[in-house]
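In case it helps, the working numbering puts the sequence shown at residues 5 to 103.
In case anyone wonders, no lab produced these hints; they're calculated from the structure.
Do not rely on the hints blindly, as some may be mistaken.
[Claimed, not checked] Simulated restraints, written as ranges between beta carbons of each label pair:
| hint | residue 1 | residue 2 | range |
| --- | --- | --- | --- |
| 1 | 98 | 41 | 17 to 25 Å |
| 2 | 86 | 11 | 13 to 21 Å |
| 3 | 40 | 76 | 37 to 45 Å |
| 4 | 102 | 31 | 27 to 35 Å |
| 5 | 102 | 14 | 12 to 20 Å |
Every residue gets a Cβ at the ideal spot worked out from N, C-alpha and C, and that includes glycine.
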Amino acid sequence: MTAVVLQRPSHVAVVDDEPASDEQVSAAVYVGLLPDGPLYRLDGPAAVIWQEACGQDEAGLVARVAMRTALDPDVVAGDVRRCVAELVSLGLLVPTEAT
5 MTAVVLQRPS HVAVVDDEPA SDEQVSAAVY VGLLPDGPLY RLDGPAAVIW QEACGQDEAG
65 LVARVAMRTA LDPDVVAGDV RRCVAELVSL GLLVPTEAT
């Protein structure tokens, strides 16, 4: 089975209001389609999902988000999958095969 990596396309700009440590949840991540938008604000868990998804393998995403949010993977799995599907449908993330 080929690993899938979630990539940020080059036409997507990001301003990340990163937390002081990996234990904290980011305040917000601003993501915009270049050149004309729209601009999206990802808050709290959505910001964590974005940070953990970009450039990483999709298979371990739920576990990484669960660790960052101190929640059980079974609790966050559905929300993580829905959020990633929305980010992909908006063109903000692109699933690619790992090389």
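Lying within 12 to 20 Å: is that true of the beta-carbon distance residue 102 to residue 14? 18 Å, holds
13 to 21 Å as the expected CB spacing between residue 11 and residue 86, which holds or is violated: For residue 11 against residue 86, whose Cβ atoms are near 19 Å apart, the range 13 to 21 Å holds.
Could you check the hint for me, namely that residue 40 and residue 76 are 37 to 45 Å apart, CB to CB? 40 Å, holds
Just to be sure I understand the hint, the distance between the Cβ atoms of residue 98 and residue 41 should be within 17 to 25 Å; is that true here? Check passed, 18 Å falls within 17 to 25 Å.
Within 27 to 35 Å: is that where the Cβ-Cβ distance between residue 102 and residue 31 falls? Hint holds: Cβ distance 31 Å, inside 27 to 35 Å.
Checked against the numbered hints listed earlier, the structure breaks none of them; every hint is satisfied.
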